[in-house]
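Q: Residues per chain are reported as follows:
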Amino acid sequence: MDTLLNNLDLFTTGFKNTGILFVFSAVFALILGTIVAAMRVSPVPAMRAAGTVYVNTVRNMPLTVILAFFALGYPKLGLVPISFLSAAIIGLSLYTATYVAEAIRSGINTVPVGQAEAARAIGLPFLPSLLLVILPQAFRSVIPPLFSVFIALLKNTTVAAGFSVLEAGAIRQNLSERGEPAIVGLLWVALIFVLLVIGVLSTLQRYFENKWRVAR
Amino acid sequence: MTSQAVAPALVELTAVNKHFGELHVLQNINLRVQKGEVVVVIGPSGSGKSTLCRAINRLETIDDGDIRIDGKELPAEGKELARLRADVGMVFQSFNLFAHKTILENVTLGPIKVKGVSKSEADKQAMALLERVGVGHQAAKLPAQLSGGQQQRVAIARALAMKPKVMLFDEPTSALDPEMINEVLDVMVGLAKEGMTMIVVTHEMGFARKAADRVVFMSDGQIVEDAKPEEFFTNAQSARARDFLSKILTH
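Residue numbers (my numbering), protein chains in the order written: chain A, 456 to 671; chain B, 44 to 294.
Everything labelled a hint here was simulated from the structure, so no lab data went into it.
Backbone N, C-alpha and C fix where the C-beta goes; we use that ideal spot for every residue, glycine too.
Accuracy of the hints is not assured; some may be wrong.
[To be verified] Listed next, the in silico DSS-like pairs over lysine-lysine satisfying Cα-Cα at most 27 Å (straight line):
1) 184/B / 122/B
2) 208/B / 666/A
3) 156/B / 666/A
[Unchecked claim] Non-contacting residues of chain A with respect to chain B, defined by C-beta distances greater than 12 Å in every case (computed):
4) 498
5) 549
6) 566
7) 574
8) 579
[What the hints assert, rightly or not] Pulled from the structure, derived: some chain A residues nowhere near chain B, Cβ distances all over 10 Å:
9) 495
10) 540
11) 541
12) 569
13) 575
14) 592
15) 595
16) 631
17) 634
18) 638
19) 639
20) 664
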């Protein structure tokens, strides 16, 4: 307990940054992932191809490589300078979006084809059909896999510790510098992660599952 | 055909062909439906009648030939096609009501999002249509809470809400329990009497006799006969049609 209480500043800063990384990355990944999923079911072949290439390349790259690119490679390109925190958010968003896209695409495939035909038959073009009829039903069936993706994202944020972002994954290093026992610090970090997942994400998941239960 | 001095047909199919792989499902189909006509398409399963119906609003693409609605050729894709579909009402065998929307929202979605009707106006028109098909009191429910017959009547109201020029019915009663078939057919007979142009794929011979102006008999991807109902039922010309009728009319 002393390890936690004596270094509360470290833990609060660390988990605050973890929270920032998670919330921003989750929102961007959800938006980007939905767009990519839409591209992958679009009637335009070029869109489908672009979506497929994006998912297959980014999803198959190790997250450390992606973060290394944005933290270390990107600044050398001489473009708009970004902070390490922003770099981590961009990297995590791009990486997680591929998993979000695949989860949503599987949800789109669960919506009976008659729903899309009925939407087209009343004159809705592709995008409104998708937004008004298909996606609202697809989201319901992808809540569990989508939350698995977000739980993975929450834990993946610790990779950013390797790229100069002081978040939860960096707490142990800093504790060691202060002469605290590393193993105790690590256990505290693990415990807080478990509490975050059970207390926040699982609760949210249950809420959405109940709210969007489909009557069939 | 163009030399005929008749009014242009509302729905006009000329030399339409379609293959599903090896299977030639639509073989050189020619069909003209005038405004206000009710055409019933019958035939054994696999004869291509549903494909024909779905091709008219391009839910099925065709390999070659020409389909015109009100003189305009069916556009291939995009906004033009969506606009044309808004003029062609479609009722499916499996209802296909939007599962996540209420009955009222099912009917108002098209008018609001496609035609830009205000919500209050769309609600008013939708309620009138729902009353007309006898499900007004169910407006706030979800589709899954209604019986099949009620769902299909809502589906008809949803199509009518777009004020279509022609209504397509793709086996509208085939997924219904027997006691619910008549409630749907009654709505359709009412529509026919009001002068709606209708193309109906069905096995309901009673409806064909009562409401149809013409019966089109399809078999193996071809239109084999095209006649007035009485003429067709009492004096079918082809052996295939007589064989089909003998199978369905004996009991």
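Q: Now, for every hint given, state plainly whether the structure supports it.
A: Do the hints match the structure? See the list:
no.: 1; hint: 184/B / 122/B; result: 32 Å, violated
no.: 2; hint: 208/B / 666/A; result: 39 Å, violated
no.: 3; hint: 156/B / 666/A; result: 25 Å, holds
no.: 4; hint: 498; result: 7 Å, violated
no.: 5; hint: 549; result: 30 Å, holds
no.: 6; hint: 566; result: 8 Å, violated
no.: 7; hint: 574; result: 7 Å, violated
no.: 8; hint: 579; result: 6 Å, violated
no.: 9; hint: 495; result: 18 Å, holds
no.: 10; hint: 540; result: 38 Å, holds
no.: 11; hint: 541; result: 37 Å, holds
no.: 12; hint: 569; result: 4 Å, violated
no.: 13; hint: 575; result: 6 Å, violated
no.: 14; hint: 592; result: 5 Å, violated
no.: 15; hint: 595; result: 8 Å, violated
no.: 16; hint: 631; result: 53 Å, holds
no.: 17; hint: 634; result: 58 Å, holds
no.: 18; hint: 638; result: 50 Å, holds
no.: 19; hint: 639; result: 49 Å, holds
no.: 20; hint: 664; result: 15 Å, holds
Checked against the numbered hints listed earlier, the structure breaks hints 1, 2, 4, 6, 7, 8, 12, 13, 14, 15; every other hint is satisfied.
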